[in-house]
Amino acid sequence: MLTPSSDRQSTLRVWLAVGLGLFLLLGLAVHPAYAAGGRAGLVVQFADGSLWTGCVAFDRETLSSEELLQRSGLNLVLDYSYGLGGAVCKIEGDGCDFPLQDCFCQCQGLDCRYWAYYHLLPDGTWEYSQVGASSYTVHDGDVEGWAWGPGDYGVSGMRPPICTFEQLCPLPTDTPTPTPIPPTPTATPTNTSRPTATPSSTFTPWPTVTPTSIPSAATPTPAVEPPQVAFSVEPQTIVRGECVTLRWDVAGALAVYWDDGAGEQGVMGQEERQVCPMASQSYTLRVVQAGREERHRVSVTVLEPTVPPAPPGSTPEVTPTATTAPPTSRPVPIQTAEVFPPTPTSEDPLEPAPLPSPTPEPAVGLLSTATPTAAPPVLPSTTPQREAMALAVLPPRSSNAGSGKAAQTMVAPVVTQAVPPLRPAQLLGYAAFTFLAAALCGTGVAVLWKRR
Amino acid sequence: MSFEFRIPGFEFMQTYHPITWLIWLLAATLPALLTRNPLYLTLLLLASGVTYMALERRSPAARSWRAFVKLGVVLLLFAVPSNALTAHQGRLVLFRLPESWPIIGGAITGEAMLYGLSSGLSLLTLLLIFATFNSAVDQARLLRMTPPYLYQAGVIAAIAVAFVPQMMIAAQEIREAQRIRGHRFRGLRDLLPLFMPLLTTGLERAIALAESMEARGFGDIPAAPSRRQTLCRAGTLVALLALASGAFGSSYFPARRTLSVGLMTAAGMGLLLIFWMQGKGVRRTRYQRWYWRRQDTVVSLICGGVALVLLAVWLARRETLLYYPYPPFTPWPDFQPLLGLALALLALPGLLLPGTEKAVEQKAKEQSDYSIP
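As you go down the protein sequences, you meet chains Z and P in turn. 0 is the number of the first residue of the first sequence in numbering that gives the first Met the number 0; add one for each residue after it. 0 is the number of the first residue of the second sequence in numbering that gives the first Met the number 0; add one for each residue after it.
For reference, chain Z alone in the conformation it holds in the complex (with noise of 0.2 Å):
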């Protein structure tokens, strides 16, 4: 039996305790979640050796890896089934249709081929990952690496090649390299000019390649006007089968080429363009002035042509290459991978028009990109507030074989968080459940009647 006073001070221990939880706890939250920002590279090879290397910049102190591969824009499929995070199972093609077949399909036996893992050591080498990329940080200046090949699971596998960080992620005064990224090291230029990220969580646009105040460590030219590119393509999601117009108008520069994937080719100043592809590209312009050079690029999506309408305003869904186009008759598998094209004007508020001002919009980078994606779109999932988004120095995908798929399965930079839309077919579907659902309960009931 416990007296009075003893009650009393047993329940001031619980208190206190539970305040010192409270109080830790609250200790552990309010943390200067500072945007110290920073960027992190990252290089996937895939299974016929093709490479895909990029540098995503992010507002927070640390990123997880698992977040990093999912802001470049790559068509990933993880496995969160383990409980542990997320395994990556597929990336753009390469690896295994979970959840169709098991994750790791191709590593069943003797002969096993996976997704393996790297970091890149301060010396030069990767190292294999012992941890999964949900449960890696990334911190700024790091390069993750991803290689598909066979190898021994969780001891090793293919390894992709080295590239350096300052390789991925160089300063805005390089001249940036097209791919293949060269073995060797290029003149790294000093860290002065970095800009220093700003507290608030607003975006932190990409300098652009025209500051005035940073030093060109390579060229002594004097400051020489940036030529004035306006780059567009209308419209940006088509149908297999239309045709989309290319305009571009380019003062004060050299020379002009345009890439459609297939090759460069010198072209005019001015000029308008039409073109009908068959499957989602991009196209570059590549403006050429004394001692500097800029890459603008626009992406157009071409969509399967579906049976089903889709109601207006919904995003349309892309089917992969992998799958046909479902008829009505087949049920319609709900595990198609819905990959989103870049969201088009009329869903996006906040960008009036898709044409382009390169210099004072936030451009991407030095491979700016003429999309209205360039602008970190509004997450309505997430807070509003502009959160670090993803900004993918995207070289055009360097091929061993130099074939144009390069240019075919490049996706949009900027991952759209939307979840999609319940179908017509779907909502029947439901209406059937709730049908059954409700005749089972009756029966239910008329059993326990019955019982009686």
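Any given hint could turn out to be false.
[Claimed, not checked] Here are a few chain P residues that face chain Z, going by a calculated C-beta distance under 10 Å: (1) A66; (2) F67; (3) K69; (4) V73; (5) F77; (6) T85; (7) W100; (8) Y251; (9) A311; (10) L314; (11) R317; (12) L321; (13) Y323.
Rather than coming from a laboratory, the hints here were simulated on the basis of the structure. Heads up, the beta-carbon is just placed ideally off N, CA and C, and yes, glycines get one too.
Given chain Z's structure and the hints, the job is docking chain P onto it.
What follows is chain P alone, placed relative to chain Z:
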């Protein structure tokens, strides 16, 4: 000797033939294991629930399985928040916890809740199906249905299954006896006067049972095995080795898959042949029969049909059964009305159970036809 509670005059009313219940069990367990789609699982849960409720008034054993079902509900209620708090992937962000909190810090997403719900539902459905089956079929009699070549294992399993209820009843009796003697059970140390008599009672029972079994000639093996027995044993060993090597080869040498599968099939057929040969030597008499009635045919056919439909869907269109809400997939589950209807048909055994009066008159009729073989 079964210690289940019996209503005098009811004995154990046969609801359906045990084979029918086995077919129903197969047809209900297949979708519970193959799919995680919460809509299909809900329908299956409702169907098994209807059957379970229909059985509760007919079988006194059903009441003792209620705790099992309650365990399932507790697991479901635990699975949803635990998954929502630990998995932070998805696009339907409900709210965010500070990232610095260990394990639970991050976005709490709708997809994680849906995944937890589907996992918990599949567990609950399985538990309910097995609770229904166990309350429908008398376990002791079910064990008597073991194939002839396994009759020894069947007897041992029957004894093992009856062990737990026996011990519980013995513990109850000992507790009452100790209480009458003035012993009070307050803490852990007071449980010693309960455990010691329980152990000794258990040992005594075991020895008595062994003596009675030995007196009936159980486990009596002749000193020199006959040629036939040696052949059977050697054949079993060879067949098992072939089965193991076939399984090994099919996973480690995928290029030689046809060879491995062929080896496994041959081994399986060999084993069946040996079992049949061994079973021919065992003579069993049945004391009480089960009757195969018209409703058994109906229920078996329909449940068999449902099982076949599910197998066909699994082999041909696996994607209709799969459910994975995390990105890049959609969190809204798909629902095929025909498949849902097939699952709802599993409530049939509960619906077709005859009423109590009709069951009694049916049993009376059967007992009057009964004749000792």
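So, going through the hints one by one against the coordinates:
1. The interface hint given for A66 of chain P is broken, as the beta carbon of that residue sits about 20 Å from the closest beta carbon of chain Z, more than 10 Å.
2. With 10 Å as the threshold, the beta carbon of F67 of chain P stays out of range of chain Z, its nearest partner Cβ sitting at about 19 Å, so the hint is violated.
3. Below 10 Å, beta-carbon pairs count as interface contacts, and K69 of chain P has none with chain Z, the closest being about 18 Å; its hint is therefore violated.
4. Using the Cβ-Cβ criterion of 10 Å, the hint placing V73 of chain P at the interface with chain Z is not satisfied: the shortest such distance is roughly 20 Å.
5. Violation of the interface hint for F77 of chain P is found here, the shortest Cβ-Cβ separation to chain Z being roughly 14 Å, above the 10 Å cut-off.
6. Interface hint status for T85 of chain P: upheld, as the beta-carbon distance to the closest one in chain Z is roughly 7 Å, under 10 Å.
7. Interface restraint check: W100 of chain P against chain Z, minimum CB-CB distance 7 Å, threshold 10 Å, status holds.
8. The restraint placing Y251 of chain P at the interface with chain Z holds, with a minimum CB-CB distance near 5 Å, inside the 10 Å limit.
9. Violation of the interface hint for A311 of chain P is found here, the shortest Cβ-Cβ separation to chain Z being roughly 14 Å, above the 10 Å cut-off.
10. A cut of 10 Å between beta carbons decides the hint on L314 of chain P: the least distance to chain Z is about 13 Å, and the hint is violated.
11. Proximity of R317 of chain P to chain Z holds as hinted, the smallest CB-CB distance being about 6 Å (cut-off 10 Å).
12. The beta carbon of L321 of chain P is positioned within 10 Å of a beta carbon in chain Z (closest approach about 5 Å), and the interface hint is therefore held.
13. With 10 Å as the threshold, the beta carbon of Y323 of chain P comes within range of chain Z, its nearest partner Cβ sitting at about 4 Å, so the hint holds.
The structure does not agree with the numbered hints 1, 2, 3, 4, 5, 9, 10 stated previously, though it agrees with the rest.
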